[in-house]
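Taken in sequence, the protein lines are chains A and B.
Take the first sequence: its position 175, counted from the start at 1, is 175 in the numbering used here, and no numbers get skipped.
Add 1000 to the 1-based position in the second sequence for the numbering used here, that's all there is to it.
These are calculated hints, taken from the structure and not from any lab test.
A virtual CB, placed ideally from N, CA and C, is assigned to each residue, including glycine.
It cannot be assumed that every hint is accurate.
[What the hints assert, rightly or not] Just the calculated beta-carbon pair ranges, DEER-fashion:
1) B:P1064 - A:S133: 52 to 60 Å
2) B:P1091 - A:L188: 54 to 62 Å
3) A:V57 - B:E1065: 29 to 37 Å
4) A:A312 - B:G1102: 53 to 61 Å
5) B:N1113 - A:E235: 49 to 57 Å
6) A:A120 - B:G1189: 39 to 47 Å
7) B:G1159 - A:F283: 49 to 57 Å
8) A:D220 - B:G1102: 49 to 57 Å
9) B:D1011 - A:K46: 34 to 42 Å
10) B:A1059 - A:G73: 18 to 26 Å
[What the hints assert, rightly or not] Output of the computed footprint for chain A on chain B, the stretches with three or more beta carbons under 8 Å from beta carbons of chain A:
11) 1021-1034
12) 1101-1113
13) 1134-1146
[As the list claims (entries may be wrong)] Partial list, computed: chain B residues near chain A (C-beta under 8 Å):
14) L1096
15) T1097
16) S1120
17) A1123
18) S1129
19) F1130
20) M1166
21) A1169
Take a look at the letters that make up each chain.
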Amino acid sequence: MVQAAKTAATREALGPTLVRLAREGLDVVAVDADLGVSTTAAGFGKEFPDRFITVGVAEQNLVGVAAGLAAAGKIAFASSFAVFLPGHCFDQVRMAIAQPGLNVKLVASHGGVVTGEDGASAQAIEDLSLMLSLPTFRVIVPADVVETAQAIEAAARNYGPFYIRTGRPKVPVIYDDSYRFELGKAHLLRPGSDVTVTAIGVMVHVALAAAELLAGEGIDCRVLNMASLRPLDEEAVLAAAAETGAIVTVEDHYVHGGLGSLVSQTVAKAQPVPMAFVGTERFGTSGKWDELLRHFDLTPERIAREVRGVIARKSG
Amino acid sequence: MPSTEAPTTHDLQATARRVRRDIIRMTAAAQSGHPAGSLSCTDLLVAVYFGGILRHDPANPFWPERDRFVFSKGHATPAYYAVLAEAGYFPTDELLTFRTLGSRLQGHTVMGNPPGVEMSAGALGMGLSFSLGLALAARMDRAPHRVYCMLSDGDCNEGQTWEAAMASAHHRVDNLTAIVDYNHIQNDGFSDYTRYSGDGDRDRVGGWVLDSGYTVKGAHPGAGRGGPQGAGRLMVRAKGLDSSLRSE
């Protein structure tokens, strides 16, 4: 089920998956705001030109048009970069999609500092916090291109608002075709009993590398891919707290309002254990995506350090 | 099926008077709300709903072939709710629950509450984009219904309205009519951030056909179902309309 060596960008899943779903008979339509090549939604437009709508550089209109299409019965996908969607049109997302609970799927690429060379303005470190503040949205951060395709399909097949965050760089492909993404389920990538490391997106493969590193020190590390942030697999989180006694969360996102906040809230109300939070704490800068992970201390070594810390704080 | 009986101008004026009375009663009972922006769009709403423009069926609010009416000036709910009640979407008794706990009639519109409300609004500038989405979906489905969107001049201060106007022209949408209630009054007083010539120029807004001076008679050609190929219609309620209406 788990493979390595192959790389792909998670954003590459959008166009091909929409084409497949449309061929399977789903009434999907796509709206894009002048970034269709980057988001890969333009690939869908090539195959289904009548169902692909471009609105120019106008994200507020992008959201309103998608909401209107959904109100007319379409499964409406809207795509852009995460700094623009929801960053440039948060009120439109709140009013036109979230409050009425319309069937719109936002697929936002270029999440996190791994966006790279474009620098701070293009690196969304706050999108998950914004989207999780809207009660009707389901929020998914897939770990690789295989999981992204399946998350897009799950969004298309489940009524209501979805936010799916994808990334710009080519990153290791973790899953093979036998993998099945389940909405609201964490995926156990590595069993372990001493500590749990849970991660999202590009940080999942970094968490796996940390677990490998810790195994060399005799630390048995459970690794959970928490792609489905909402609904969150509270059962898996509480089992991790009960069975491993300590949790480290890892995300390429501001440490407030994302994975760490969700997991700590879940743990605090039922099964408090020592926790540590790996994420970004300031706006980004230009650089290559892997250089930036090191620059912002989002590395296997950092995760290992945090793991040792929470294990030391375990009582008994 | 919707009624096709054409009311007289006299009937429409009587309906508009009842709606205006409801607006005053509702906002007085609630001790809050937006009476001015409601009164200013009353004639337009009455013309659209009762003047033979909108094809709709209050007994069947989700009739798939209905024309869609999107009310973007979501603060002017007293007028909108009063018109919907008058049309038979819900009992007029309910109007006095406006803005109270447990009522379907929130201060600003909520989609589907009551049935007939096509979009949630209250943050200005969002209606024309939503309407464009509805219009594009109708075109994809080869459905014959039209989409009407009523905007305030405050709506037209918002950049999103112009994003939607440009995209509508780009996509040559001809099943969409925007109606601007150009009353020159905004929250902080009389203002004119949005400028129309009001003299009926064509293409004043790129790619749109402009009609102005729309009256409660509901017989203005801009309301027609046909119209030039590949252009939306923009109807503007010109200043001074009320006096010309009363003189009829």
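A quick look at each hint next to the structure:
The hinted window of 52 to 60 Å between P1064 of chain B and S133 of chain A is violated, with their beta carbons roughly 34 Å apart. A C-beta distance of roughly 56 Å is found between P1091 of chain B and L188 of chain A, which places it inside the suggested range of 54 to 62 Å. Judged by the Cβ atoms, the range 29 to 37 Å given for V57 of chain A and E1065 of chain B holds: they are separated by roughly 35 Å. Range check, A312 of chain A to G1102 of chain B: Cβ separation about 54 Å, and the 53 to 61 Å hint holds.
One distance hint, 49 to 57 Å for the beta-carbon pair N1113 of chain B and E235 of chain A, is violated here, with the actual separation near 35 Å. A beta carbon spacing of about 40 Å between A120 of chain A and G1189 of chain B agrees with the range 39 to 47 Å that was offered as a hint. At roughly 25 Å, the beta carbons of G1159 of chain B and F283 of chain A sit outside the given window of 49 to 57 Å. Restraint check, D220 of chain A to G1102 of chain B: a C-beta distance of roughly 55 Å satisfies the suggested window 49 to 57 Å.
About 54 Å separates the C-beta atoms of D1011 of chain B and K46 of chain A, a value inconsistent with the hinted range of 34 to 42 Å. Here the CB-CB span from A1059 of chain B to G73 of chain A is close to 21 Å, well matched to the stated 18 to 26 Å. Evaluation of the coverage hint for the segment 1021-1034 of chain B: breached, as 0 residues show C-beta separations to chain A shorter than 8 Å, against a requirement of three. For a cut-off of 8 Å, the count of residues in the segment 1101-1113 of chain B with a CB near a CB of chain A stands at 3, and the three-residue condition holds.
For the segment 1134-1146 of chain B, the assignment as covered by chain A holds, since 7 residues bring a beta-carbon within under 8 Å of that chain's beta-carbons and 3 suffice. Given hint, L1096 of chain B at the interface with chain A, is violated; its Cβ is 25 Å from that chain's nearest Cβ, farther than 8 Å. Restraint check, T1097 of chain B versus chain A: the minimum CB separation of about 20 Å is more than 8 Å; hint violated. Interface hint status for S1120 of chain B: upheld, as the beta-carbon distance to the closest one in chain A is roughly 5 Å, under 8 Å.
Given hint, A1123 of chain B at the interface with chain A, holds; its Cβ is 5 Å from that chain's nearest Cβ, closer than 8 Å. With a cut of 8 Å, the hint placing S1129 of chain B at the interface with chain A holds, because the nearest CB-to-CB distance is about 2 Å. For F1130 of chain B, the suggested interface contact is upheld, since its CB lies about 4 Å from the closest CB of chain A, less than 8 Å. Interface restraint check for M1166 of chain B: the shortest CB-CB distance to chain A comes to about 7 Å, inside 8 Å, so the restraint holds.
Interface hint at A1169 of chain B: violated, since its Cβ lies 11 Å from the closest Cβ of chain A, which is beyond the 8 Å cut-off.
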